[in-house]
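Peer 1: If you're matching them up, the sequences are chains A and B in order. Just so you know, we're using my numbering here: the first sequence kicks off at 1 and counts up by one. Just so you know, we're using my numbering here: the second sequence kicks off at 1 and counts up by one.
Simulated from the structure, these hints should not be mistaken for laboratory data. A virtual CB, placed ideally from N, CA and C, is assigned to each residue, including glycine. There's no promise every hint is true.
Some but not every residue of chain A turned toward chain B, in silico, with C-beta under 8 Å [claimed, not checked]:
1) V114
2) A148
3) L170
4) A173
5) F226
6) N241
7) G245
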Amino acid sequence: MSNNPVVMITGALTGIGRAAAAAFAKDGAHIVVSGRREPEGKALAAELRGMGAEAEFIAADVRREDDVRNLVDRTVARFGRIDAAVNAAGTEGQPGPVIDQTAESFAATFDTNVLGTLLSMKHELRVMQAQAHGSIVNISSTYGHEGARGASVYAASKHAVEGLTKSAALEAASSGVRVNAVAPGPTETGMLARFTGTAERKAALTKTVPLGRVGQPDEIARAAVFLASDQASFVTGQILNADGGKSAG
Amino acid sequence: MYNLSGKTALVTGASRGMGRASAIALAASGAQVLVHYGRGAKEADGVVAEIRQAGGRADAVAADLAAADGPHKLAKIARDIVGDRLDILVANAGISKAATIEETTIEDFDKLFAVNVRAPFFLVQQLLPILSKGSCVVLVSSLAARGVVGAIPVYAATKGAIDTLTKHFASLLGARGIRVNAVAPGVVETDMSNFIKTDAGREFALGIQALKRVAQPDDVGGVVAFLASEDARWITGDTIHVDGGSKL
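Start from the sequences, fold in the hints, and give me the full structure.
Peer 2: Okay, here's the thing in structure tokens:
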């Protein structure tokens, strides 16, 4: 990867996506941040420029293919290529037991987490395969490979993200393009606060983590930066747990 | 790429192959590295010389990790050099032997488990007093642990044991702030994988991978350096497959 890699990040306005933008900016990347809310997006791009990075905001709703196509095409128009993409747009949907789920709650989660990841990869790969290089990092979850009481649809959507990741890795490898995912455990974000609700529930979750705390968004971002980098040049189709050991037990 | 200055590291089996690449990658990031070898004194001296030439700090240390007391002796030698703090342990030393079920002897079986499983276990045990908060252990697994790649059932079982130890060590040592991970290489161009020097062997190796090139030791060294770094401070109990997308 060049000294100033071009990195495109979806879901960049909050949480892990936002931390990834900052982490890549520190490493000298040129960055396109994307999300649905224009004022926040423009403010983030300005913040990244303040860190010395070349940065743009391009609005996109990853559930809409026209938006995603436009995002990718405008990124290429602005910076000439895409070296790495982080697909961080995601939602916890409407947590609750299986018996309460509906076609609507399913769609609310799957449209962003699964369709959004699929459409993002479709257009990123269009560019990267033509370039014959590039690295895609999807954001899964430890719930992408284990069950989650009260979060079945979210867990199912992240299982789907892992299936998409491995399959895309197989398809893209012949072009020299790598596709991996980071699977965060509980991470200090707005999503975690919405998921857990109470301090007690958050404390109970922390007890399941060998390192004894929840992760910080920057710690997940650093794993994404690694997967995007040349240090991971022989790593593809992999799901990297960044979870303080939660998956191990 | 990563900043490991002020850190101390021990890499076993570092005279050649992935151990050598890991030692050089750690030293290039600023760590002081103990280059362990079993028999390759000359090669280990070469690794030390290469690191010192680049401005790094390294010493060669010898121990027979097939011997029951090998890990204990190595831990003592390491403590004599680095004192009371080891930040990074890369338990890379390993042996392989291709043998069918019928061909495998009890001696082969015991030696494979002695070097590949017993030695890393007791090396961690013996070094625990100087593995402080923020330190990390990297074990070496293999693609063979999760799929069949030739007639190496006992070797594969030793690597399956490494994946299991990785999880249990991580869980048991997490409260002390010690991270434990593994790298699981696929086919890497080293002396252990002589078979890829033949056309048929190379074809087999490329056939199981998504990426169509044979991995070099450096491909693994970079991942080890990442796992040892602050950037991986939230990663523990995981096995990173450095196998070009094999058996996806």
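Peer 1: Hints first: check each against the structure and report whether it holds.
Peer 2: Against the structure, the hints come out as follows:
A hinted interface residue such as V114(A) counts as satisfied when its beta carbon comes closer than 8 Å to some beta carbon of chain B; here the least separation is about 19 Å, so the hint is violated. Given the 8 Å rule on beta carbons, the hint for A148(A) is violated: about 18 Å separates it from the nearest Cβ of chain B. With a least beta-carbon distance of about 5 Å to chain B, the hint placing L170(A) at the interface is held under the 8 Å criterion. A distance limit of 8 Å between C-beta atoms decides the matter here; for A173(A) the minimum to chain B is near 3 Å, and the interface restraint holds.
Annotation: F226(A) was flagged as interfacial toward chain B, and the flag holds, the nearest CB pair being 5 Å apart, inside 8 Å. Checking N241(A) against chain B: minimum C-beta separation of about 4 Å stays under 8 Å; hint holds. Interface restraint check for G245(A): the shortest CB-CB distance to chain B comes to about 4 Å, inside 8 Å, so the restraint holds.
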